[in-house]
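Trainee: Below, each chain spelled out in residue letters.
Protein chains: 2
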Amino acid sequence: MEMSRRASGMQASPIRRLVPYANEARKAGKKVYPLNIGQPDIKTPKGFFEAIRNVDLEVLAYADSAGDPKLIEAIQDYYKTYDMDFATDEIIITNGGSEALLFSIIALCDPGDNIIVAEPFYTNYNGFSAAVNVEVKGITTKAENGFHLPAKEEIEKVIDDKTRAFILNNPGNPTGVVYTPEEVQMIVDIAKEKDLFIVADEVYREFVYDDSEYKSFGNYPDAADRVVIVDSVSKRYSACGARIGSLACKNKDFMASIMKLCQGRLCVPTMEMIGATELYRTPTSYFKEVNDEYRKRRDTVYNALKKMDGVVCEEPKGAFYVAVKFPVDDAEKFIIWMLTEFDYNGETVMMAPLEGFYATEGLGKDEARIAYILEVPELEKAMKVLEEGLKAYPGRK
Amino acid sequence: MEMSRRASGMQASPIRRLVPYANEARKAGKKVYPLNIGQPDIKTPKGFFEAIRNVDLEVLAYADSAGDPKLIEAIQDYYKTYDMDFATDEIIITNGGSEALLFSIIALCDPGDNIIVAEPFYTNYNGFSAAVNVEVKGITTKAENGFHLPAKEEIEKVIDDKTRAFILNNPGNPTGVVYTPEEVQMIVDIAKEKDLFIVADEVYREFVYDDSEYKSFGNYPDAADRVVIVDSVSKRYSACGARIGSLACKNKDFMASIMKLCQGRLCVPTMEMIGATELYRTPTSYFKEVNDEYRKRRDTVYNALKKMDGVVCEEPKGAFYVAVKFPVDDAEKFIIWMLTEFDYNGETVMMAPLEGFYATEGLGKDEARIAYILEVPELEKAMKVLEEGLKAYPGRK
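So the protein lines, in turn, are chains R and D.
Residue 20 is where the first sequence starts when you use the working numbering, and the numbers rise one by one after that.
Residue 20 is where the second sequence starts when you use the working numbering, and the numbers rise one by one after that.
Careful: at least some of the hints might be erroneous.
No copy labels: a pair is met if it fits in one copy or bridges any two.
[Unchecked claim] Dumping the calculated SDA-like pairs for lysine to any residue here, alpha-carbon to alpha-carbon at most 20 Å:
(1) K181 - E21
(2) K50 - N310
(3) K344 - R415
(4) K344 - I355
(5) K269 - M20
(6) K181 - M20
(7) K65 - D75
(8) K49 - K416
(9) K89 - E69
(10) K271 - P39
(11) K65 - T303
(12) K181 - K211
(13) K62 - L76
(14) K269 - E334
(15) K400 - Y412
(16) K176 - D208
(17) K46 - K176
(18) K307 - H167
(19) K269 - S27
(20) K271 - A31
(21) K156 - E232
(22) K65 - I293
(23) K213 - D348
(24) K234 - D102
(25) K403 - G28
In case anyone wonders, no lab produced these hints; they're calculated from the structure.
Looking at chain R on its own, in the form it has when it is part of the complex (with noise of 0.2 Å):
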């Protein structure tokens, strides 16, 4: 009684199976910072709670398999802030983020396809693929480059009659890039050239730095047939348990697609969308406060890997993670050394290492990701036991 080829091919998680090392050394004694997962420690909106707490329902009923039309108004509006106009049945609600990518690669795939993602990418984007026999191809980015795009000639050496989609993370997990708009429209145009889609992955539109440009693939009229939005209220809201994610598309072809897929697994959590529409009515002037917290996040960790030897990271302008190379043998050893092993006055840091962010066979064996999602002075010791960490590993190079 063999597992079918492609669960057994499925590698996991790498965000999460080092969990048993973080557990045992918790087990042992030390304080592990957890920065391995992009769990922000921001506080939900209340309006969720509150919403939810108000709930006056006798039967929880089924949904529509498109999801609560309330939650796609506010979802609606929300877009309207960013210029982009989509119609009530050009939004459907979905499981996370998650099922929104997972349905959008069945939907534009047959096993044997291919899509396109920049790497390091989101690493799930490999197990969806995986699970339904689509494979990933990635165009190499590079932490000497803060992880931009190469030119448009070496993209387009890696598509292939059976590619059939980009998916792209902007800003980056886990390299924490934005996109230029630069980089954006040679996107948009290669897409229309080699007549594929954009799936956008656009979940940390409003953690950008530093007065970075910011350009979403929802701004090309041009290119509005072939574009799906992904978002999601986790990182944006801190509502991660929430499991309330969207995609939004103007191709009729393309939804009818995913609604066929939506009504096999009938609908979405009722309670959970209507929390989310409050969440979608939150104010502006949240997003400013949460943004200015992740800033001083971002300069802590930056400012400190900057300091520690033979360490290589640009700036990272978005999203709350960075992506980091390690003067190392092997991350994810140096990783597990650093829970099972190491310690700095009963304090160890966990990581995520990045192999398992890369397409290509090879990459990534000494580099690392971290996400800034703990309090400054946390951090700051987080810092310190990475650096003293570093120095003591016996694989450092």
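Take the given structure of chain R and dock chain D to it, following the hints.
Mentor: Same frame as chain R, but now just chain D:
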């Protein structure tokens, strides 16, 4: 820009795709009895809403990918009442029974593999399978025979070297069949002989009438490593909108594969898991009350159908559906005609055409599913409307 062949090939839900006709009928002022969908009108136990109202969280963080440990514990306790003993890591919470089914199919089947169902079967098995390139093969069962299983030899004929599992719904949607202990034993025997998994969709476990003997696939210790029990709060607690399901299995390889898929989608919504935990603590007196009510409804519908000229159906023993053969040219045409052309004193009935519930082409064309999910007086009126509609339908045979 074509969509994928797998998405294009998926059928729209036969349960939901006629909804626009019903909406038109309502707009035209008709009262429509919605017997197409298994949406109970029974009140959701209040504990669900109370538990959620009492949630006191500041940050709605990611939950464990396997689910909230408290909910898992509640499910363990529930299964004990059916003499099933699952360890904590043998249960995983899913986004409805739907996700449990989809993930089971992915974990067990590669593209081109097949699963065996008893047709007519829950139509979404088809959708999930098509989305991931798995074929559904049907063991044909018949209205005349109360949709019980054929002889062992007949079932074995359908199995080939690409067959990986049975997916069986017991009690059955859309048929209302409850398999006898002998039928369940026969499937267990075949699964062992042919080295197949049994994905047992037992979400209607409590909906068994007339003291029919109910046997779960979870009660066969010698097959425990090949049995997956799919569960859901949707029907049992009238909480379809919660989208909380689960799967339980003692096969470690299977659970490891499922866990990778679960990590990809991160987690299931927190608030709904908190509510669902209370549902699983509902006193068993609730089931008795609900069961009595559904039995009355079943009697109302079945007795009325038996009196209608040319209608074929056997008394359903479980779930809250009856699959009916009508004396008409085409059941889907008949249902659309009922919505668009017919009314009886301003009222009409909506049902689900059964053709989409079959894997074998050409079967079920004159059949429909009726969900008896309204109160008895409403069902009495609905049956009168149906009887008059059948008399008046121009395509009557």
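Trainee: Now look at each hint and say whether the structure bears it out.
Mentor: Checked hints:
1. For the identical chains of this complex, K181 and E21 are inter-copy neighbours only, at 13 Å across copies versus 29 Å inside a copy, given an alpha-carbon limit of 20 Å.
2. For the homomeric pair K50 and N310, neither the shortest alpha-carbon distance inside one copy (27 Å) nor that between copies (52 Å) is at most 20 Å.
3. Taking the shortest Cα distances, K344 and R415 sit within 20 Å of each other inside one copy (12 Å), while across copies they are farther apart (74 Å).
4. Taking the shortest alpha-carbon separations for K344 and I355, only the intra-copy value of 16 Å comes in at or below 20 Å, while the best inter-copy value is 63 Å.
5. Taking CA atoms no more than 20 Å apart as the test, K269 paired with M20 passes between copies only; the shortest distance there is 13 Å, against 44 Å inside one copy.
6. Proximity of K181 to M20 under the C-alpha cut-off of 20 Å is restricted to the inter-copy arrangement: shortest distance 13 Å between copies versus 32 Å within a copy.
7. Proximity of K65 to D75 under the C-alpha cut-off of 20 Å is found in both arrangements, the shortest distances being 18 Å within a copy and 11 Å between copies.
8. For a Cα distance limit of 20 Å, the shortest separation of K49 from K416 qualifies neither inside one copy, at 26 Å, nor across copies, at 78 Å.
9. Within a single copy, K89 and E69 get their C-alpha atoms as close as 16 Å, which meets the 20 Å cut-off; across copies the closest is 23 Å, which misses it.
10. For the homomeric pair K271 and P39, the shortest alpha-carbon distance between copies (17 Å) is at most 20 Å, but the shortest distance inside one copy (45 Å) is not.
11. In this assembly of identical chains, the alpha carbons of K65 and T303 lie at most 20 Å apart only when taken from the same copy (15 Å versus 36 Å across copies).
12. Proximity of K181 to K211 under the C-alpha cut-off of 20 Å is restricted to the intra-copy arrangement: shortest distance 16 Å within a copy versus 40 Å between copies.
13. With identical chains, the CA atoms of K62 and L76 are at most 20 Å apart between copies only, with a shortest distance of 9 Å across copies and 27 Å within one.
14. Taking the shortest Cα distances, K269 and E334 never come within 20 Å of each other, neither inside one copy (35 Å) nor across copies (48 Å).
15. Taking identical chains as interchangeable, the C-alpha atoms of K400 and Y412 lie at most 20 Å apart only when both belong to the same chain, with a minimum of 18 Å there against 78 Å between chains.
16. With identical chains, the CA atoms of K176 and D208 are at most 20 Å apart within one copy only, with a shortest distance of 15 Å there and 54 Å across copies.
17. Taking identical chains as interchangeable, the C-alpha atoms of K46 and K176 are never at most 20 Å apart, the minima being 49 Å within one chain and 55 Å between chains.
18. Taking the shortest Cα distances, K307 and H167 never come within 20 Å of each other, neither inside one copy (25 Å) nor across copies (63 Å).
19. For the identical chains of this complex, K269 and S27 are inter-copy neighbours only, at 18 Å across copies versus 36 Å inside a copy, given an alpha-carbon limit of 20 Å.
20. Within a single copy, K271 and A31 get their C-alpha atoms only as close as 35 Å, which misses the 20 Å cut-off; across copies the closest is 15 Å, which meets it.
21. Proximity of K156 and E232 under a CA criterion of 20 Å is satisfied in neither setting, with 27 Å inside one chain copy and 54 Å between copies.
22. For a Cα distance limit of 20 Å, the shortest separation of K65 from I293 qualifies both inside one copy, at 13 Å, and across copies, at 18 Å.
23. When the C-alpha separation of K213 and D348 is checked against a cutoff of 20 Å, the pair qualifies neither within a copy, at 40 Å, nor between copies, at 48 Å.
24. Only within a single protomer do K234 and D102 lie at most 20 Å apart by alpha-carbon distance; the minimum there is 11 Å, versus 58 Å between protomers.
25. For a Cα distance limit of 20 Å, the shortest separation of K403 from G28 qualifies neither inside one copy, at 38 Å, nor across copies, at 56 Å.
The structure fails to meet hints 2, 8, 14, 17, 18, 21, 23 and 25 from the earlier list, while all remaining hints are met.
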